[in-house]
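Model the full assembly from the supplied sequences, consistent with the hints where possible.
Next come the chains, spelled out residue by residue.
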Amino acid sequence: MLEARLLQGSLLKKTVDAVKDLVNEGNFECSAAGIQLQAMDTSHVCLVTLMLRQDGFEHYRCDRNRTLGISIANLAKVLKCAGNDDVITLRAQDDSDSVTLIFESPKADRISDFDLKLMDIDSEHLGIPETEYSVDVRMPSSDFSRICKDLATIGDTVVVSATKEGIKFSASGDVGTGNITCKHNASVDKPDQATYIDITEPVSLSFALRYLNSFAKAAPLAASVKLCMSADLPVLVDYRIEDIGWVRFYLAPKIDDEEMDVGGGGAEEDDNE
Amino acid sequence: MLEARLLQGSLLKKTVDAVKDLVNEGNFECSAAGIQLQAMDTSHVCLVTLMLRQDGFEHYRCDRNRTLGISIANLAKVLKCAGNDDVITLRAQDDSDSVTLIFESPKADRISDFDLKLMDIDSEHLGIPETEYSVDVRMPSSDFSRICKDLATIGDTVVVSATKEGIKFSASGDVGTGNITCKHNASVDKPDQATYIDITEPVSLSFALRYLNSFAKAAPLAASVKLCMSADLPVLVDYRIEDIGWVRFYLAPKIDDEEMDVGGGGAEEDDNE
Amino acid sequence: MLEARLLQGSLLKKTVDAVKDLVNEGNFECSAAGIQLQAMDTSHVCLVTLMLRQDGFEHYRCDRNRTLGISIANLAKVLKCAGNDDVITLRAQDDSDSVTLIFESPKADRISDFDLKLMDIDSEHLGIPETEYSVDVRMPSSDFSRICKDLATIGDTVVVSATKEGIKFSASGDVGTGNITCKHNASVDKPDQATYIDITEPVSLSFALRYLNSFAKAAPLAASVKLCMSADLPVLVDYRIEDIGWVRFYLAPKIDDEEMDVGGGGAEEDDNE
Chain A
1 MLEARLLQGS LLKKTVDAVK DLVNEGNFEC SAAGIQLQAM DTSHVCLVTL MLRQDGFEHY
61 RCDRNRTLGI SIANLAKVLK CAGNDDVITL RAQDDSDSVT LIFESPKADR ISDFDLKLMD
121 IDSEHLGIPE TEYSVDVRMP SSDFSRICKD LATIGDTVVV SATKEGIKFS ASGDVGTGNI
181 TCKHNASVDK PDQATYIDIT EPVSLSFALR YLNSFAKAAP LAASVKLCMS ADLPVLVDYR
241 IEDIGWVRFY LAPKIDDEEM DVGGGGAEED DNE
Chain B
1 MLEARLLQGS LLKKTVDAVK DLVNEGNFEC SAAGIQLQAM DTSHVCLVTL MLRQDGFEHY
61 RCDRNRTLGI SIANLAKVLK CAGNDDVITL RAQDDSDSVT LIFESPKADR ISDFDLKLMD
121 IDSEHLGIPE TEYSVDVRMP SSDFSRICKD LATIGDTVVV SATKEGIKFS ASGDVGTGNI
181 TCKHNASVDK PDQATYIDIT EPVSLSFALR YLNSFAKAAP LAASVKLCMS ADLPVLVDYR
241 IEDIGWVRFY LAPKIDDEEM DVGGGGAEED DNE
Chain F
1 MLEARLLQGS LLKKTVDAVK DLVNEGNFEC SAAGIQLQAM DTSHVCLVTL MLRQDGFEHY
61 RCDRNRTLGI SIANLAKVLK CAGNDDVITL RAQDDSDSVT LIFESPKADR ISDFDLKLMD
121 IDSEHLGIPE TEYSVDVRMP SSDFSRICKD LATIGDTVVV SATKEGIKFS ASGDVGTGNI
181 TCKHNASVDK PDQATYIDIT EPVSLSFALR YLNSFAKAAP LAASVKLCMS ADLPVLVDYR
241 IEDIGWVRFY LAPKIDDEEM DVGGGGAEED DNE
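Sequence lines, in order, name chains A, B and F. Taking UniProt numbering, I'd label the letters of the first sequence as residues 1 to 273. Taking UniProt numbering, I'd label the letters of the second sequence as residues 1 to 273. Taking UniProt numbering, I'd label the letters of the third sequence as residues 1 to 273.
Careful: at least some of the hints might be erroneous.
Same chains, same names: a pair is fine if it fits in one copy or spans any two.
[To be verified] Taking lysine to aspartate or glutamate pairs in the EDC-like style, the calculated list, with each CA pair at most 16 Å apart, reads:
| # | residue 1 | residue 2 |
| --- | --- | --- |
| 1 | 164 | 109 |
| 2 | 168 | 113 |
| 3 | 80 | 115 |
| 4 | 164 | 198 |
| 5 | 80 | 143 |
| 6 | 168 | 109 |
| 7 | 107 | 143 |
| 8 | 190 | 21 |
| 9 | 183 | 25 |
| 10 | 183 | 165 |
| 11 | 107 | 189 |
| 12 | 13 | 242 |
| 13 | 190 | 109 |
| 14 | 117 | 174 |
| 15 | 190 | 143 |
| 16 | 217 | 201 |
| 17 | 13 | 174 |
| 18 | 254 | 192 |
These aren't lab readings, by the way, just hints derived from the structure by calculation.
Okay, here's the thing in structure tokens:
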């Protein structure tokens, strides 16, 4: 028997919304520690992981480890039927072939239950090594979303360059070239609005903007986002879900040398990705 | 001569918006009692009636009974040109082949008049028998709209089951199955937010969700909606327009026995309606 | 060297948005007086001019006259990347083949720079004679937008008739006919909400609504709009940009006599423009 009751049901809605464009279906690993998901996106380019820790639920019971294969698209459809203020409970009997989602309205005058069929999904669990990154940037998640969206009007690829002074996002294309620089800025009224840059070595990496724009859909989950980068390693884009867990995205850098020139010389790209 | 002046012109805008997706054209019967419309929807599945009583108008004059055949689509276009705070006057000379709509802005600094051509429309007036229904449910119109919209993401058909405890809406499809239950709840701050269930006999009926979703477009007219049901009879979905009349929709239940099982056993449906 | 720094960068964003649907590319004439643009729309039917005076900028320097040929579509894309509160600086080195736009966020923690390539654009500068118009109407720009949008649901052509009492906009089509009349009304709380009609001779002219609807996109620039009309002359639709300049549109009247009858007799039109 799995039973997990989340008072702030909107967190689950936002979590699934954050990954549904990248991942069609996934195995939710349920254990005493909580509920985890690890999945490649449909084009097998980036990796998505999410964690909902047991202590973030009002009530959490997981009698034995269980893998729930779920269509994320269908889960998102069902969660659309939950109100933003609803309490959401997940329940799965041992050996059942479905999972039940129960939505209770705040005044308990409306109760909904939805049964989702479970699926058998092939997937292998990747070990993700703990990494000390050369650069950790924490910035407002709305700024990151805005920058990725803006630069996508200029080009398909962004070069992200971090130095002690700031983090620079650059793109170029038919329109011209653009650079957006965010400076380290800890002296703001709200910590969420700060930009912290923690750096051991400057890094400059290129990424496909369309994936970053997909990651940015997680912004409603968290006021700030962390970008972790090291040379030749996938970037980690990390959204912390308050008091319960996280959604993390990993994307390998582009390694075409030509593209690395964008920041300096404004080279044209033929990247139609 | 017909002349009807409505201070709260937005009511007429909303009334026409409530029926325009179902009804392309209709005969507005004007008499000393007020203005009435009865029309089948374009697919001849459901019946729409509306009533605007003479005492709801600031000024109402109807010298002789008159049938105005009007294109609802064109009427809706013209009413889009009226501001939400405008006073609206309908005027038709005896034997004229057009009806004039006059919109006056609140400060009377903008006056618009639109002439709509009248049409000859074949239609027969159905007698609708007064019915004592087994179940009368009054619920917030926004809840009804939300439920119909949510369940339409699950399936094409809804089973509506009313008992003393509550009213349950159920659907099933490829995604899975879902049930939404609203409990009798009279103890709320605003009467409009209450759910009243008045029942002489439990009823369970199936309906095509696409029609209920069309009916639900009348929600801006009224904070609450009344559903009246009896076994084997069309449901009546009734929106009261404050101080002036109503919009009512009638829809026959689906009678496929298989579909009646949804609530109990989660039977699959092949309904592609 | 051209350098122009605009504290209220949103004005530049709105100015370019106001013309971008009509004009694909244009020559911005930069001189000691400021920055000017004159361009025909892509269908060569109407003329657009805009002026940004040097004294409206916080800092303005133009060492020598310069013509910057710019893709308005690309400029609009780049300006989308500027925040509404950003300070915007335009900079072009003498003889450079690009112009740089620099966006500074209010707290100066985010700085963006975009390079736009310059183009060679053929265009001849039209002399626009100073005209004493028979009719000057000043009205709320939102009213003008609303009227053009509303009447476009009725027909393709509007007849604008101005007398001392008011300005009447008329259209007709399959739906029927419509007239919207705005009265002279100077006694309002906010001057922006007034309608002033200054007239030496009544005028009645026909215009293609689709162009007026394009002009109306400039409404965010100014709370009021001025319409200047004389018989047989193009109408001038004039949006004043606070403290810095204007956007002006010129459109020749339609001269088909039949269409001139709309206001009086409700003649049918076959205008599919």
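Do the hints match the structure? See the list:
1. 164 x 109: Intra 55 Å, inter 14 Å, cutoff 16 Å: inter-copy only.
2. 168 x 113: Classified as between; 11 Å across copies, 47 Å inside a copy.
3. 80 x 115: So residue 80 and residue 115 pass the 16 Å test inside one copy only (14 Å; across, 43 Å).
4. 164 x 198: For residue 164 and residue 198, only the intra-copy Cα distance (8 Å) is at most 16 Å; the inter-copy one is 63 Å.
5. 80 x 143: between (26 Å within a copy, 14 Å between copies)
6. 168 x 109: Between. Shortest inter-copy distance 12 Å satisfies the 16 Å Cα cut-off; intra-copy 51 Å does not.
7. 107 x 143: between (36 Å within a copy, 13 Å between copies)
8. 190 x 21: neither (31 Å within a copy, 40 Å between copies)
9. 183 x 25: neither (38 Å within a copy, 35 Å between copies)
10. 183 x 165: Within. Shortest intra-copy distance 6 Å satisfies the 16 Å Cα cut-off; inter-copy 59 Å does not.
11. 107 x 189: This pair counts as between: shortest inter-copy Cα distance 12 Å, intra-copy 36 Å.
12. 13 x 242: within (14 Å within a copy, 37 Å between copies)
13. 190 x 109: between (37 Å within a copy, 14 Å between copies)
14. 117 x 174: between (47 Å within a copy, 9 Å between copies)
15. 190 x 143: Classified as within: same-chain Cα gap 14 Å, cross-chain 37 Å, threshold 16 Å.
16. 217 x 201: neither (29 Å within a copy, 49 Å between copies)
17. 13 x 174: Intra 38 Å, inter 20 Å, cutoff 16 Å: neither.
18. 254 x 192: Classified as neither: same-chain Cα gap 30 Å, cross-chain 54 Å, threshold 16 Å.
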